[in-house]
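Student: Make a model of the complete structure from these sequences and hints.
Chains as they are written, first to last, in our numbering: chain A, 6 to 327; chain B, -4 to 160; chain C, -5 to 597; chain D, 543 to 724.
Simulated from the structure, these hints should not be mistaken for laboratory data. Treat the hints with care, since some could be wrong.
If you anchor each label on the Cβ, the simulated ranges turn out as follows [as the list claims (entries may be wrong)]:
no.	chain 1	residue 1	chain 2	residue 2	range
1	B	LYS87	C	LYS546	41 to 47 Å
2	D	THR590	A	ALA257	51 to 57 Å
3	C	PHE556	A	PHE176	52 to 58 Å
Given the structure is predicted, the values throughout are model-derived calculations rather than measurements. Backbone N, C-alpha and C define an ideal beta-carbon position, used for all residues, glycine too.
Residues per chain, in single letters:
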Amino acid sequence: MSIVNILIQSTLVALYLFLAICIGLLFMGIARKVTARIQNRVGPPIYQNFIDVGKLLAKKTNIKHNWIFDFAPLFALAGVLLALAYLPMGGYKMLSGTGDLILLLYIIAIPALGFALGSGASANPNAGVGVMRALTLMLSYEMPFLLVLLALMIFYNTASLSTLLEKQMSFAWGIVALPISALAADIALQGMMMEKPFDIPIAPHEIASGPLVEFGGKYLGMLMLYSAGSVVLETTLFVDLFLGGGVVLNPATYGVVAYVVNYLVWFALIFVVWMIAVFINAVFPRFRIEQAFKFYWKWPTVIAAIGLAQAYIMSVFLGVIP
Amino acid sequence: MKAIEIFKELGIEYEEMKVKGNSTPRYRAKVEPDKLEEIIKKFKTQGFKHFVALSCVDWIKEGNMELIYHLFSYDTLEDVFLSIYLPRDEPKYKTLRHLFPQIETYEREVHEMFGVEFEGNDRLGEFILEDWNDMPPMRKDFDTVKYVKEKYESVPLVEGRGDKQ
Amino acid sequence: MEILGIFGIFVLVPLIGSVIAYLFRKYAVAVAAIFAAVPSIALYPFYDTNVSRIINIGVKLNLTLDPTTWFFMLMLDTLAFSALLFAIPYIKKAQGNFATLILVALAGANGVLMARDFLSLYIFWEMMSWATYLLILRKSGEYARRYLLFGVLSAYFIIMGIGIVYYYTGSFLYSATTGIPMSGWFWILLFLVLGFGVKMAVVPLHVWAPYAYCAEQPFVAFLSGGLSKLGTFGILMAMYSIAGISILQGFGTFRGVSLFGYPFALLGAITAFIGTVLAIFQDDLRKLLAYSSIGQLGYVMVGLGLGTSLALGGAIFHAFNHAFFKSLLFLGAGAVIYRTGKYKISEMGGLGYKMPFTFLFVLFAIFALAGIPITSGFISKWMLYEAAIAKKFVFIAPLMLIASVGAFLYCFRILYGVFLGQLSEEHKDVKEAPAPMLAAMFILMLPLVIFSIVPGWILGWISKILVSMGLKPLEYSTFAYYSPIGNANMLIMWIAFMLLFMVSMIIFMMKKARVVDQLDNYLAGEAPTQVQLHAAHNFYKPLKDTWAPVLKYSINRAYEKFSQFFVEGFKEIRKMYTENPQDYAAYMGIAFLIFVLVGWWLL
Amino acid sequence: MTDNPNPLPSIIPEKDWKKIQRMLSKRSLWMIHFCTGCGAMEMPPTMTSRYDMERFGIIPMATPRQADLLLVTGYVAVKTLKRIVRVYEQMQDPKYVISFGSCPINGGLYWDSYNTIKRLDKYIPVDLYIAGCMPRPEAIMDAFLKLMKDIDEGRADGWLRYRKYYDKYRANQMRVFKRWDE
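Tutor: Below, the structure written as C-alpha cells:
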C-alpha cells in the first residue's frame, strides 16, 4: 500500500462520504416534497434541508448544558460517517474489506449511544422518556432484523459485505434468493429509520420531539447531518444486502466507467427503497411504543423466522451453495 | 320530591322565576345563614343531587354580599337558588365542602374575587391571579380603568423601537 | 528456594499476608493490597513456562503453572489487587476481618487454578467457598445462607465427579484418567460441569447470585469478576484438559460440535437471554449488575459448550473482558454508593456532573459490556457470533444477538438513572470518589483499551491455551483477526474513527456555546420547580407491561415453592411425635414386626 | 448576556457572510407558536393545503431551542406573559416575534381588563404586528413575506434590541409580574 495509493483511497472515501451526506439531505428534501404533494400542498423546494442545516450551523448563540451534552453531536456524526465508510456504495468497497457485518452492526450502535448520552445529559424529562422509547423501539425492530441478517449469513455463508456483494453478483440477488427475508427487512427498516408509524421517540406532540428537546443551533445542525447520513446508511444497508449493492457492470472489466454506472444504479435503488418508506410515512399515524413492540415481535418476527428457515433448509439440506 | 313540596315542608317562602326561553322551573329562596346547611342537606336527600354553582353578588348600595347556592334535581328537572346575605365590610361564612366536594373550588374563587372568608376551607390562598397584591378585583368599589392606567399605561416604551417602518 | 516455588508465591504469600494484615487493625486493607500485589507482579516472569511442583503435606498436592493457569491467574490477581486498593477508603468497620478473608479467598483461588489433582482442587475450592461465605455473612445472614446452600450443592456435585473418577482409576491425578468407559465419562463430566456451573451462575442454578452480589462492593467486584471465572476454568479443564477433545467427540458430534457440549451451549444462550431481560427491569443497581453478570456469563457458557477453537477462544477472551469490565462496573457502583449511600437507580441522578472520572470509567465499562468496537469487549462477542454462525446454529445465534441488543437497554438505564438526568438537591455537594478508588478503576480499564487496539497480544496467549488443549490455534495478526466467514481489523477502524471524529470536531468548533444551568430547561414554558423531574423511576414501564405475562414466572419463586413443599412435608412427619408413650410403644411393635417379616422373606 | 465572539472564518468578508446568514435564516424560519388567545385557530389553515406556509420553509417546531420565530397569537394575560418571556429567552439568536391581532397592540377587546397587558412591545421586542381581530390566513401569509423581506434588509433586529436594552425590558417586565430569576 504505497503512500500515494492510500492518499487516493482516502480522498475517494472522503468524496463518497460527502456525497452520501448530500444525498441524505436531498432525500429528506424530496421526502418533504412528496409528503406535501400527498397532502395536496405545494411543499418546500427540494434543497430546503440544505438551507435548514446552513441556518442552524450559522446560528449566533448556542446553548449547552454540560460537557457530556457535547457527546451527542460529536459521536453521532463521527459514528454515522464511520458506519458509512464500512458500507460498499455502488460497488466501491471502501473499508468493508477489513470489517464485516457484525462489526458494522455494532458501529451503527455508536451514534445511537452517543446521541442517547448527550440527550440524557440535557436533564430534561422529555429527553429521558424519548431515549427510553428509542431503545425500546430498537429492541423491537432488531428482533426481525437480526433474524434476517442471520438468514443472509447462513445462506451466503459469509459475514463480510464485500464477499456478499460478489456472491450476489455471481449467484443471485438477495431479494431473489430470500424474498421473505427481504420483506421482513423492509418492515424492520421502517422502524430503523424512525419513519411514521414508528417515529415514537421523536414525537413532537407528546414529548416535545423527545431526545432533541434541548438541541438547537449547531447541535441540531450536526444532528440533522447525522439523520441525513443515517437515511443513506439504512437504505444502502438494505440495497447491499438484498439488491446486490447496485453492482451491474463488473469493475474489473470496465474500470472507472463501471464505478460511475454502478453508483447511478445504486442511487436509483436507494431512492426506490426510500420512496417506499416515505409513502408509508406520509399516510400512517404514530403507534404507541407498546403497540410498536408487540407489532414487531409478532408478524415481522414470524416472517423473518420463515425466511431464516427457508435459508437454513436451502443451505443445509438442499445444499444450495452460492 | 317536587321543590315546592320541600319548600312548604321547611316553611320557606320561595318565588317562582319566569325566564324567557327556559322551560325548566326555577325557584329562588332567601334563607338564614345558620339554617342553610340543614336546607341543603334536605334538598340533597330529596333528589337535588347536582350542585351546579356557588356565585356571589356584591350589593354595594345595600352594603351586603349575596351568596347563591344553585342546586338541580335530575328526578324532577328543577333548579333551586338558595341565597344568603352577609355584611359587606367583612363577609364571613363557614365552608360547606363536606356536602359537595366541588364547593371548595367555588369558595376559593369567591374568596379571591370578592374577599369572602370561609372558615374551615384551608386552601383559600392564591388561586387564579398570580402575585396579586391589590383588593379583590370583582368588588364593585374596585376601579379597573384607574388600575389599568396606573399599572399598564405607566410602563415606559423601550426606545430604539424600529420606528423606521 | 524450595518454599518460594509456585506454591509459595501464589498460595503461601496470600495466606501469610492474611494473618499479618489482621494485626494492622485500621490499615489492614492497605497491607492486604500489598500482599495481593506480590502474586500479580510475580506472575510476569512465569510467562511461557510450564513449572510444576509436588507439595507433600501428608497428602501429595501437585501444582503446575501452564499458560492456561497463567492466563486466569493474571485476571484474578489484578482483580484482587484493584479490589483491595478500592477497598482502602470503602471499608470502614472490621477492616482486618475483610482483609484476611479476601486474601484467604485469593489463596484458595490461586490454589484451584494451579491444582493438577482432584484432592488439592477440592481443598482449595472449599477454602475459597468458605472465605466467600464469611465475606457475604459480613453483610447479611440471609444472603449468605442462600450462597452457602448453592455452594454446598456445587461441592457435592464436584465430590460426586471426583468419586466416580477415583472409582475407575484409583488415583486423583488429572492425567491418570485412562480406561474410563464412555458412560463413566458422561457422569463425571455432567457432575463436574454442573458443580462448576453453579459458581458461574448458569440459569437454573443462578438464584444465589443477585443476593450474593448485594454484599460490599469491592468484594463483589472480586467475586463476580474473579471468582466466577473459577467456574469457567473448572469447566474448561474438565471438558478439554481432563477429558480431552477426543472423548467429547466420542459422545457423537452434530456438525463438528460434541453432543455433550451442545446442550450446555443452548443453556448458555438461554442464560444470556434471561439474564439480560431480567436485568432490564431491575431498579436496584446491584441487582441489575448481578443479572447482567449472569447474562454475560451465559455467553461464556455458549463458547465453552460449542468447543470449536474460535468458540473456545471467544469464551476465554469474553471471560477475560467480563472479569475486567464487570468488576469496573461494580467498583463504579461502589464509588457511587460510597458517596451517596443509595442503592436505587431512581433515587440517584445527575451524579455524572459531580463525579466525572467515575462516570468516564463506568461509561467505558458500559461500552465494553455492550460490545462497542472501540473496546475489546467487541472482539470476544464477535468471535462467539462468528463461531455460532459459521456452524449455522439457528437457535443459539438469535438468542445471543437479541441478548446483546437487550444489553444496550440496561446499559443506558445505569448511565441515565445514575449519572445523567437531573441532579437532585441532596446530591448537590457530592464530591468525586477518593484517589485509591480512581486508581483501582484505572487499572481495570487499561487492558480493555490496550487489547482493543492491539488484539494480537491477547489472541496469542489464548491460542497458546487452545494449542495446549489440543485444538487448532486462532487465525490472527497483531491488529486483525479472521474467522471462516469474516474478518475485522481494529487498527483501520481506530484510525478511521479518529479521523472522522476530528472532522465532526472541526464542524463543532466553528461556534462557541453558552453553558446553561440544568433548571433552564424547556418544560412548556413552566417555571423551574423544586419537584424532582428525573425520569428514571420505573424506566422501562411500557416494556415491562408487554413482558408482564412472561415475567410472572420467576425461578426464585419456583425455588421458594419447592422449598415450601418440603417444609409442609416435614411438618406432617413431625406430627408423628405425639409425646405420649403408648404411641411410641406401638411404633416399636410395628417396626419389630416389619423387620421380622422382611428377614423371613429374605432367607 | 455578553456579546458572543464569533470565530467566523475570515476568508469570506464580514458583510457577505452576514448577507448569506440573513438569506439562510429568511428561507428557513422555524416557528413555535404560543397559542395564548384566539389566534391559534388561524394557524391550521395557514399550514395546510390552501395556504401552505411550508412553501417558504416555515415549519412548526416543538421547542424554543429549535425555533427562531415566536408567534404570539392573541391577548396576553400577565400569567401568560411570564411564560412567553421564559420561552422567548430560551430561543436562540437570531429570533423574531410576530404578534397576531389587536389585543397585543393596544389591549383590543380587553383594554380595561385588570390582568391583560396592553402593549406586548413594552415587554419583549416585537418585529411585526398583524392588526385584525383575528387576522385571516391571507394576512398571516402577507406578514410572513413582510418579515422575510425585513430579515433580508436587516430591519428585523428585535433580538439585537433585546440584547442592547435588556435591563430596560427587564425593568418593564418586573413592574408587571415577578420573574423567576429575580
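Student: If any of the earlier hints don't hold here, list their numbers in rising order.
Tutor: 1
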